[in-house]
Amino acid sequence: ETGVTQSPTHLIKTRGQQVTLRCSSQSGHNTVSWYQQALGQGPQFIFQYYREEENGRGNFPPRFSGLQFPNYSSELNVNALELDDSALYLCASSPSGTGELFFGEGSRLTVL
Amino acid sequence: GESVGLHLPTLSVQEGDNSIINCAYSNSASDYFIWYKQESGKGPQFIIDIRSNMDKRQGQRVTVLLNKTVKHLSLQIAATQPGDSAVYFCAENSAGYSTLTFGKGTMLLVSP
Numbered sequence: 002e003t004g005v006t007q008s009p010t011h012l013i014k015t016r017g018q019q020v021t022l023r024c025s026s027q028s029g030h031n032t033v034s035w036y037q038q039a040l041g042q043g044p045q046f047i048f049q050y051y052r053e054e055e056n057g058r059g060n061f062p063p064r065f066s067g068l069q070f071p072n073y074s075s076e077l078n079v080n081a082l083e084l085d086d087s088a089l090y091l092c093a094s095s096p097s098g099t100g101e102l103f104f105g106e107g108s109r110l111t112v113l
Numbered sequence: 005g006e007s008v009g010l011h012l013p014t015l016s017v018q019e020g021d022n023s024i025i026n027c028a029y030s031n032s033a034s035d036y037f038i039w040y041k042q043e044s045g046k047g048p049q050f051i052i053d054i055r056s057n058m059d060k061r062q063g064q065r066v067t068v069l070l071n072k073t074v075k076h077l078s079l080q081i082a083a084t085q086p087g088d089s090a091v092y093f094c095a096e097n098s099a100g101y102s103t104l105t106f107g108k109g110t111m112l113l114v115s116p
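Protein chains in written order, with the numbering used here: chain U, 2 to 113; chain P, 5 to 116.
Worth double-checking, as some hints may not be accurate.
[Said to hold, decoys possible] So the derived label-pair ranges between C-beta atoms look like this: (1) U:97 with P:21: 27 to 33 Å; (2) U:19 with P:18: 45 to 51 Å; (3) U:28 with P:18: 36 to 42 Å; (4) P:63 with U:63: 21 to 27 Å; (5) U:83 with P:75: 45 to 51 Å.
Note that these hints are calculated values from the structure, not bench results. Built from N, CA and C at the ideal position, the CB exists for glycine as well.
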């Protein structure tokens, strides 16, 4: 059984650019959540997808968007990047109906 | 207590000591709590969870205590080892959704 995998592991962008981060959920998990973790902080909830629909959203602007695919994998898209978007982006999957999240290793985004 | 920015609360212990990491949560409606361990450059790793109908739960070398009256959670690690060195986060969940609210974290440093 494979765990949650994310790509890319590291990337550098400049202000105003767009970025797409990818996540493959753990086998059997149909719910995917994305979190942003700034340096020295706890992860902050961005949004969650269940059966390809957004199923909850945190306090993030609309330029943060996402997708979930029929195989439960997911993408996080961020448009018009700002310096403060520099962070570790974590994907977590969970079985339906439980609160236990299994995290990937994250994608570290640096915006210059 | 907790701090903001890059200054995480830090607990320094000697190998073999018992460690206690504390967390105050904010939402009295939260009914599920999890402790995560995060090593440098990695995603959060599940340690132990507890539901609000319990006040204590034990795992292997770890115990979580929940005091709902004062909204306090603690993680006890017995016979702490150097491999336990990491940042520890408590997280709370309410409404039965797999959406977690994380605290700011505590860094545990274990000296051999």
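Evaluate the given range 36 to 42 Å for the C-beta pair formed by residue 28 of chain U and residue 18 of chain P. holds, 41 Å
Outcome of range test on Cβ distance (residue 97 of chain U, residue 21 of chain P; 27 to 33 Å): Violated: the Cβ-Cβ distance is about 40 Å, outside 27 to 33 Å.
Go ahead and decide if the range 21 to 27 Å is satisfied by the Cβ distance of residue 63 of chain P to residue 63 of chain U. 41 Å Cβ-Cβ, so the 21 to 27 Å window is violated.
Range agreement (Cβ of residue 75 of chain P with Cβ of residue 83 of chain U, hint 45 to 51 Å): Cβ of residue 83 of chain U to Cβ of residue 75 of chain P: about 34 Å, so the range 45 to 51 Å is violated.
Could you tell me whether the CB distance from residue 19 of chain U to residue 18 of chain P stays inside 45 to 51 Å? holds, 49 Å
Hint check: violations occur at hints 1, 4, 5; the rest are consistent with the structure.
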